[in-house]
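Protein chains: 2
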Amino acid sequence: MSYHPLTEEQAIAYARGLENVFAANAELQSREIGDGNLNLVFHISDPASGKSIIMKQALPYAKVVGESWPLTLDRARIESEALIIEESLAPGLVPHVYKYDAELALTVMEDLSDHVIMRRGLIEGNKYPLFAGHISEFMANTLFFTSDLGMNQQQKKLRVGQFINPELCKITEDLIFDDPYTDSPNNNIHELIRADAAALTTDTELKLEVALLREKFLTQGQALLHGDLHTGSIFITTESTKVIDPEFAYYGPMGFDIGAVIANLLLNYAGQEGWIKDEAGRADYRAYLLDTVKDVWEQFEAKFGALWDQHLVDRIAHTPGYKESYMKRLLQDTIGYAGCKMVRRIVGLAHVADIEKISDGETRARAERIALAIGTSLIKLNRKAESIDEVLAIASRQV
Amino acid sequence: MSYHPLTEEQAIAYARGLENVFAANAELQSREIGDGNLNLVFHISDPASGKSIIMKQALPYAKVVGESWPLTLDRARIESEALIIEESLAPGLVPHVYKYDAELALTVMEDLSDHVIMRRGLIEGNKYPLFAGHISEFMANTLFFTSDLGMNQQQKKLRVGQFINPELCKITEDLIFDDPYTDSPNNNIHELIRADAAALTTDTELKLEVALLREKFLTQGQALLHGDLHTGSIFITTESTKVIDPEFAYYGPMGFDIGAVIANLLLNYAGQEGWIKDEAGRADYRAYLLDTVKDVWEQFEAKFGALWDQHLVDRIAHTPGYKESYMKRLLQDTIGYAGCKMVRRIVGLAHVADIEKISDGETRARAERIALAIGTSLIKLNRKAESIDEVLAIASRQV
Numbered sequence: 001m002s003y004h005p006l007t008e009e010q011a012i013a014y015a016r017g018l019e020n021v022f023a024a025n026a027e028l029q030s031r032e033i034g035d036g037n038l039n040l041v042f043h044i045s046d047p048a049s050g051k052s053i054i055m056k057q058a059l060p061y062a063k064v065v066g067e068s069w070p071l072t073l074d075r076a077r078i079e080s081e082a083l084i085i086e087e088s089l090a091p092g093l094v095p096h097v098y099k100y101d102a103e104l105a106l107t108v109m110e111d112l113s114d115h116v117i118m119r120r121g122l123i124e125g126n127k128y129p130l131f132a133g134h135i136s137e138f139m140a141n142t143l144f145f146t147s148d149l150g151m152n153q154q155q156k157k158l159r160v161g162q163f164i165n166p167e168l169c170k171i172t173e174d175l176i177f178d179d180p181y182t183d184s185p186n187n188n189i190h191e192l193i194r195a196d197a198a199a200l201t202t203d204t205e206l207k208l209e210v211a212l213l214r215e216k217f218l219t220q221g222q223a224l225l226h227g228d229l230h231t232g233s234i235f236i237t238t239e240s241t242k243v244i245d246p247e248f249a250y251y252g253p254m255g256f257d258i259g260a261v262i263a264n265l266l267l268n269y270a271g272q273e274g275w276i277k278d279e280a281g282r283a284d285y286r287a288y289l290l291d292t293v294k295d296v297w298e299q300f301e302a303k304f305g306a307l308w309d310q311h312l313v314d315r316i317a318h319t320p321g322y323k324e325s326y327m328k329r330l331l332q333d334t335i336g337y338a339g340c341k342m343v344r345r346i347v348g349l350a351h352v353a354d355i356e357k358i359s360d361g362e363t364r365a366r367a368e369r370i371a372l373a374i375g376t377s378l379i380k381l382n383r384k385a386e387s388i389d390e391v392l393a394i395a396s397r398q399v
Numbered sequence: 001m002s003y004h005p006l007t008e009e010q011a012i013a014y015a016r017g018l019e020n021v022f023a024a025n026a027e028l029q030s031r032e033i034g035d036g037n038l039n040l041v042f043h044i045s046d047p048a049s050g051k052s053i054i055m056k057q058a059l060p061y062a063k064v065v066g067e068s069w070p071l072t073l074d075r076a077r078i079e080s081e082a083l084i085i086e087e088s089l090a091p092g093l094v095p096h097v098y099k100y101d102a103e104l105a106l107t108v109m110e111d112l113s114d115h116v117i118m119r120r121g122l123i124e125g126n127k128y129p130l131f132a133g134h135i136s137e138f139m140a141n142t143l144f145f146t147s148d149l150g151m152n153q154q155q156k157k158l159r160v161g162q163f164i165n166p167e168l169c170k171i172t173e174d175l176i177f178d179d180p181y182t183d184s185p186n187n188n189i190h191e192l193i194r195a196d197a198a199a200l201t202t203d204t205e206l207k208l209e210v211a212l213l214r215e216k217f218l219t220q221g222q223a224l225l226h227g228d229l230h231t232g233s234i235f236i237t238t239e240s241t242k243v244i245d246p247e248f249a250y251y252g253p254m255g256f257d258i259g260a261v262i263a264n265l266l267l268n269y270a271g272q273e274g275w276i277k278d279e280a281g282r283a284d285y286r287a288y289l290l291d292t293v294k295d296v297w298e299q300f301e302a303k304f305g306a307l308w309d310q311h312l313v314d315r316i317a318h319t320p321g322y323k324e325s326y327m328k329r330l331l332q333d334t335i336g337y338a339g340c341k342m343v344r345r346i347v348g349l350a351h352v353a354d355i356e357k358i359s360d361g362e363t364r365a366r367a368e369r370i371a372l373a374i375g376t377s378l379i380k381l382n383r384k385a386e387s388i389d390e391v392l393a394i395a396s397r398q399v
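Residue numbers (the UniProt record's numbering), protein chains in the order written: chain A, 1 to 399; chain B, 1 to 399.
Hints should not be assumed to be uniformly reliable.
As the list claims (entries may be wrong) - Here are the simulated distance ranges between beta carbons:
| no. | chain 1 | residue 1 | chain 2 | residue 2 | range |
| --- | --- | --- | --- | --- | --- |
| 1 | B | Ser2 | A | Lys99 | 48 to 54 Å |
| 2 | B | Pro91 | A | Gly17 | 40 to 46 Å |
| 3 | B | Asp101 | A | Asn20 | 54 to 60 Å |
| 4 | A | Ala302 | B | Lys328 | 34 to 40 Å |
| 5 | B | Asp101 | A | Thr72 | 28 to 34 Å |
As the list claims (entries may be wrong) - The calculated DSS-like cross-link candidates involving lysine-lysine, where the alpha carbons are at most 25 Å apart (straight line), are:
| no. | chain 1 | residue 1 | chain 2 | residue 2 |
| --- | --- | --- | --- | --- |
| 6 | A | Lys303 | B | Lys328 |
| 7 | B | Lys157 | A | Lys170 |
| 8 | B | Lys328 | A | Lys384 |
| 9 | A | Lys277 | A | Lys328 |
| 10 | A | Lys216 | B | Lys294 |
| 11 | B | Lys323 | A | Lys216 |
| 12 | B | Lys303 | A | Lys328 |
| 13 | B | Lys170 | A | Lys216 |
| 14 | A | Lys384 | B | Lys170 |
| 15 | A | Lys380 | B | Lys157 |
| 16 | B | Lys323 | A | Lys380 |
| 17 | B | Lys170 | A | Lys323 |
| 18 | A | Lys170 | B | Lys384 |
| 19 | B | Lys357 | A | Lys170 |
| 20 | A | Lys216 | B | Lys357 |
| 21 | B | Lys384 | A | Lys384 |
| 22 | A | Lys328 | B | Lys328 |
| 23 | A | Lys380 | B | Lys170 |
| 24 | B | Lys216 | A | Lys216 |
| 25 | B | Lys277 | A | Lys216 |
| 26 | A | Lys380 | B | Lys303 |
| 27 | A | Lys323 | B | Lys216 |
| 28 | A | Lys357 | B | Lys323 |
| 29 | B | Lys380 | A | Lys216 |
| 30 | B | Lys157 | A | Lys216 |
| 31 | B | Lys380 | A | Lys323 |
| 32 | A | Lys323 | B | Lys157 |
The hints are simulated quantities; they were obtained by calculation from the structure and are not laboratory data.
Glycine included, each C-beta is placed from N, C-alpha and C at the ideal position.
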């Protein structure tokens with residue numbers, strides 16, 4: 001079947017044809033639930049059996065800017081191949097893939113409707129005590145075992161070739177590392193923080209650090225990244241965490257994924273300016289978020305370190321001092337990319353609901369300034385950082 | 001025609017079939033002149049017209065260790081595609097490719113018999129006043145215009161995929177970054193320097209620096225490298241320089257190529273212990289070699305910098321301070337890789353004639369110790385280096 005965006009009727013017909021999913025005569029229902037920018041997402045269910053699946057189809061353009069921004073359908077292949085690798089390395093932490101249809105750029109996968117998008121959960125003030133454990137396990141396993149440390153180094157080179165992802169990398173390169181630091185028409189700047197945003201474009205110390213982090217994003221094929229690991233790419237319950245949407249997957253610097261998680265926790269931390277009105281309650285939730293930031297890093301560090309000790313395939317990495325150097329640079333990259341990912345969500349094209357949905361303009365501006373101050377401080381800290389506690393101290397100083 | 005190693009008769013028949021090279025009835029002669037480890041090299045000539053060509057055919061194994069080390073024939077594609085890119089970026093500085101035959105893993109190219117292998121020229125004590133200008137132009141052009149600085153960054157990612165080169169990279173990873181620092185059966189250690197070689201395996205400062213340089217070789221896709229740019233891969237006359245044999249080409253750190261050139265000049269510098277007997281003559285030639293090292297770097301730096309100023313396609317690279325940071329890191333990488341490439345030629349599998357062919361054992365050991373001392377000092381200097389003059393000072397101290 002040649003490529004065309006599916007209608008709901010076509011989606012149902014396709015689902016009916018899948019092997020071993022629905023009963024032959026099941027009465028299937030479809031809802032298109034995509035609220036992203038790049039894909040159709042059909043929720044197909046059989047009320048009689050209670051069974052359901054997700055069918056995600058890539059669109060040949062980015063909806064966010066209309067049909068004028070064409071995008072390769074190859075990203076559906078990348079997403080589905082990345083999900084399969086991730087499931088093999090971090091079972092239970094990603095949706096299961098039932099089928100990938102290359103012609104239709106369509107991935108059929110496990111339905112996670114009993115989960116909520118983590119970003120929404122945080123905005124609602126929920127706590128997820130298992131999250132740091134889950135996400136650190138996901139990152140430690142996927143990053144370690146796709147790197148030169150944890151897999152055959154010649155196979156890894158072939159995998160770099162499998163995940164060459166120019167178009168989606170370009171979105172990151174433009175929206176994260178370029179636009180926020182220049183007077184770009186892509187930027188989306190709240191009227192009340194115009195001066196703060198303008199200051200980014202003349203801060204030469206900041207811009208140099210961003211240029212260096214961007215260079216690493218462009219050149220350092222360290223591990224197979226998820227590539228877009230924000231809290232909108234995570235489905236969650238108090239018991240379960242599922243990482244979705246790895247269409248930005250490519251071989252890049254590990255700190256970019258870890259930094260994304262930390263940045264989005266800190267964006268919510270800034271956004272709490274507008275959500276929890278009770279001061280003690282807000283302080284408590286923010287303390288929870290900072291604890292989670294610390295936990296994510298420290299559990300990642302511990303798990304990655306344990307894999308290093310037990311599953312290293314690279315004999316040279318046993319060289320005294322090498323592991324310490326590697327982990328320190330990982331922390332520094334993590335902090336730098338966390339900063340970049342915060343700044344872009346305040347002044348760049350795509351914002352986050354944690355802050356954007358704050359209805360009062362002054363409150364929202366306060367949250368935006370907190371996020372910008374934390375983000376720029378992290379960017380300036382990155383190459384000098386020694387400990388995750390410096391991140392917590394920076395965040396604490398801003399509220 | 002399915003793959004098989006050509007006989008001389010078959011090579012002649014093939015050459016006769018080429019379009020627009022030889023006259024239809026030319027009486028062709030063939031000589032197999034390969035002295036490398038990995039290929040057949042036929043010199044095909046027509047004495048009547050004086051025309052000649054080179055036909056280089058990849059063998060499916062490495063001769064150096066017998067047929068037991070199988071090697072991909074894909075390296076012939078990589079070599080030929082790299083040569084074509086290099087010629088487009090540095091015309092006149094590589095042999096012209098007439099034809100590439102994928103089935104036979106065969107590249108038909110310009111004959112450079114009027115040139116000599118530079119390594120031999122240096123052993124004979126010849127000076128090449130144009131060399132630094134030529135090689136710096138070759139490196140500045142090929143490295144700049146295949147990097148994110150000088151070409152479209154999305155096209156560059158596709159090119160990274162085109163030059164995934166696992167097997168030949170593995171040779172480098174083993175022979176340069178691993179074996180010399182451990183008790184490997186691949187090593188080839190002159191009896192008289194056993195203690196010096198053993199010291200490498202316990203020098204933790206040295207081994208950490210090598211591990212870090214190796215990590216960059218494994219992960220940093222900065223530019224399309226030649227990948228094996230020693231003086232045996234350079235054909236030369238006093239007027240002309242031609243870089244050959246880019247079968248190790250892949251996307252890696254630029255300093256690896258620049259370091260290779262400098263390392264091989266310094267290996268000859270060490271080897272002069274055994275060639276020029278007259279002390280003043282030797283000092284003069286060594287001064288010429290050090291001048292050339294300085295020229296290679298400084299002319300590279302000037303030309304690369306001029307391309308940066310005039311042909312930068314990456315707007316972000318105009319960020320104040322970025323160019324200075326980039327060039328400093330390039331120098332540091334260059335110095336580190338130069339050191340690695342010297343050490344491997346003394347204790348690793350494949351040696352260089354500049355030193356290996358010194359007949360007197362004590363003299364050869366002295367040359368080897370000079371090379372080892374320079375190489376290990378460069379490796380330890382690399383991340384701290386500020387100027388190429390530090391390299392000259394290190395080399396001067398050893399003789």
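A quick look at each hint next to the structure:
Taking the beta carbon of each, B/Ser2 and A/Lys99 are about 38 Å apart, not inside 48 to 54 Å as hinted. Between B/Pro91 and A/Gly17 the beta carbons are some 57 Å apart, a value that contradicts the proposed interval 40 to 46 Å. For the pair B/Asp101 and A/Asn20, the supplied restraint of 54 to 60 Å is violated, since their beta-carbon distance comes to about 48 Å. The hinted range of 34 to 40 Å is satisfied by A/Ala302 and B/Lys328, whose Cβ atoms lie roughly 35 Å apart.
Our hint of 28 to 34 Å for B/Asp101 and A/Thr72 holds, since their Cβ atoms are close to 32 Å apart. Between A/Lys303 and B/Lys328 the alpha-carbon distance is near 35 Å, which puts this suggested pair outside the 25 Å criterion. With a C-alpha separation of about 10 Å, the suggested pair B/Lys157 and A/Lys170 falls inside the 25 Å cut-off, and the hint holds. Proximity of B/Lys328 to A/Lys384 is assessed by CA-CA distance (about 18 Å); at most 25 Å being required, the pair is judged to hold.
Under the criterion of a C-alpha separation no larger than 25 Å, the hint pairing A/Lys277 with A/Lys328 is inconsistent with the structure, at around 38 Å. The suggested pairing of A/Lys216 with B/Lys294 is violated, with an alpha-carbon distance near 29 Å, which exceeds 25 Å. Restraint check: the Cα-Cα separation between B/Lys323 and A/Lys216 comes to about 15 Å, which is no more than 25 Å; the hinted pair holds. Note on B/Lys303 and A/Lys328: the hinted pairing is violated, with a Cα-Cα distance of about 35 Å set against a maximum of 25 Å.
Distance restraint check for B/Lys170 and A/Lys216: the Cα-Cα separation of roughly 23 Å lies within the 25 Å cut-off, and the hinted pair is therefore satisfied. Note on A/Lys384 and B/Lys170: the hinted pairing is violated, with a Cα-Cα distance of about 34 Å set against a maximum of 25 Å. With a C-alpha separation of about 28 Å, the suggested pair A/Lys380 and B/Lys157 falls outside the 25 Å cut-off, and the hint is violated. The hinted pair formed by B/Lys323 and A/Lys380 meets the criterion: a straight-line CA distance of about 18 Å does not exceed 25 Å.
For the proposed pair B/Lys170 and A/Lys323, the alpha carbon gap of about 22 Å is at most 25 Å, so the pair holds. With a C-alpha separation of about 34 Å, the suggested pairing of A/Lys170 with B/Lys384 is violated against the 25 Å cut-off. Restraint check: the Cα-Cα separation between B/Lys357 and A/Lys170 comes to about 52 Å, which exceeds 25 Å; the hinted pair is violated. Between A/Lys216 and B/Lys357 the CA atoms are separated by roughly 43 Å; this puts the pair beyond 25 Å, and the hint is violated.
A distance of roughly 17 Å separates the Cα atoms of B/Lys384 and A/Lys384; the hinted pair therefore holds under the 25 Å criterion. Restraint check for A/Lys328 and B/Lys328: satisfied, since their Cα atoms lie roughly 22 Å apart, inside the 25 Å limit. Pair hint A/Lys380 plus B/Lys170 does not hold up; C-alpha atoms about 37 Å apart against a cutoff of 25 Å. At roughly 11 Å between alpha-carbon atoms, B/Lys216 and A/Lys216 fall within 25 Å of each other, so this suggested pair holds.
Simply put, B/Lys277 and A/Lys216 have alpha-carbon atoms about 49 Å apart, too far for the 25 Å limit, and the pair is violated. Distance hint between A/Lys380 and B/Lys303 is unfulfilled; the C-alpha atoms sit about 32 Å from each other, more than 25 Å. Distance hint between A/Lys323 and B/Lys216 is fulfilled; the C-alpha atoms sit about 15 Å from each other, no more than 25 Å. Between A/Lys357 and B/Lys323 the alpha-carbon distance is near 40 Å, which puts this suggested pair outside the 25 Å criterion.
Distance restraint check for B/Lys380 and A/Lys216: the Cα-Cα separation of roughly 24 Å lies within the 25 Å cut-off, and the hinted pair is therefore satisfied. Restraint check for B/Lys157 and A/Lys216: the C-alpha separation of about 14 Å stays at or below 25 Å, so the hint holds. For a cut-off of 25 Å, the pair hint linking B/Lys380 to A/Lys323 stands: about 18 Å separates their Cα positions. For the proposed pair A/Lys323 and B/Lys157, the alpha carbon gap of about 29 Å is over 25 Å, so the pair is violated.
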